[in-house]
Amino acid sequence: KNQVEQSPQSLIILEGKNCTLQCNYTVSPFSNLRWYKQDTGRGPVSLTIMTFSENTKSNGRYTATLDADTKQSSLHITASQLSDSASYICVVSAVRGGSYIPTFGRGTSLIVHP
Amino acid sequence: DAGVIQSPRHEVTEMGQEVTLRCKPISGHDYLFWYRQTMMRGLELLIYFNNNVPIDDSGMPEDRFSAKMPNASFSTLKIQPSEPRDSAVYFCASTFGTVVLQNYGYTFGSGTRLTVV
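Same order as they appear, the protein sequences are chains A and B.
My numbering numbers the first residue of the first sequence as 1487 and each following residue consecutively.
My numbering numbers the first residue of the second sequence as 2 and each following residue consecutively.
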């Protein structure tokens, strides 16, 4: 069964500190992996998208890594800001018959304190 | 582009009533997804359409749930009859879905928060 596991479930850090969120998956055949940020009361917004051949991608203070061999990804947030408080969701897609099927992790809830 | 538009933003209804959620995808997107999000289960894919045709509805929890996409610019998710356990946030998302364009991410609407009492 295709699964996406995220850790930790929740995380509290002080403003200005760095943090790393983890995503492990068993989705097959792998197509791509996305990290989304979901603010409270809003829909998820894409941060990064990585395919099999990419092992790192940055979007401002967000850097995602992918190890396709171990089926692990991480999202590193540098110099956290209060606005980083949100849920971060890892989504892994498989390709079947020309269509791609997403499997969602349950997310990591990040709280940044001043 | 105004993005994916969902209505209503909030819906409170009594158990047993019919509920209809609406979604307008981004113009030109050929895939539309309906998701449900709860604290316990996170985001769950309910059903998705490609070029207005339902492709996979295996995530639809029960026969009480139905979804339609009569044209490329409109989709509905209907629950009849509604139950308290249906209370959740329902998201609609759209994207370009061809394999060549797989790097194009989903665009989510703001969701409909449904409360069934």
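Hints in this document: simulated from the structure, not taken from any laboratory.
Please note that a few of the clues may not be correct.
The following label-pair restraints were derived from C-beta to C-beta distances [unchecked claim]: (1) A:Leu-1568 to B:Lys-69: 37 to 45 Å; (2) A:Asp-1525 to B:Asn-51: 24 to 32 Å; (3) B:Arg-114 to A:Lys-1503: 43 to 51 Å; (4) B:Thr-21 to A:Thr-1526: 36 to 44 Å; (5) B:Arg-114 to A:Ile-1498: 20 to 28 Å; (6) B:Gly-29 to A:Leu-1568: 33 to 41 Å.
Okay, the calculated bits of chain A under chain B, using three or more residues with CB under 8 Å as the criterion [unchecked claim]: (7) 1528-1542; (8) 1588-1600.
Which residues of chain B face chain A? A few of them, derived with a C-beta cut under 8 Å, are [as the list claims (entries may be wrong)]: (9) Gly-43; (10) Leu-47; (11) Pro-71; (12) Gly-106.
Every residue gets a Cβ at the ideal spot worked out from N, C-alpha and C, and that includes glycine.
Verification of the hints:
no.: 1; hint: A:Leu-1568 to B:Lys-69: 37 to 45 Å; result: holds, 42 Å
no.: 2; hint: A:Asp-1525 to B:Asn-51: 24 to 32 Å; result: holds, 29 Å
no.: 3; hint: B:Arg-114 to A:Lys-1503: 43 to 51 Å; result: violated, 32 Å
no.: 4; hint: B:Thr-21 to A:Thr-1526: 36 to 44 Å; result: violated, 25 Å
no.: 5; hint: B:Arg-114 to A:Ile-1498: 20 to 28 Å; result: holds, 25 Å
no.: 6; hint: B:Gly-29 to A:Leu-1568: 33 to 41 Å; result: holds, 36 Å
no.: 7; hint: 1528-1542; result: holds (count 7)
no.: 8; hint: 1588-1600; result: holds (count 5)
no.: 9; hint: Gly-43; result: holds, 4 Å
no.: 10; hint: Leu-47; result: violated, 12 Å
no.: 11; hint: Pro-71; result: violated, 21 Å
no.: 12; hint: Gly-106; result: holds, 4 Å
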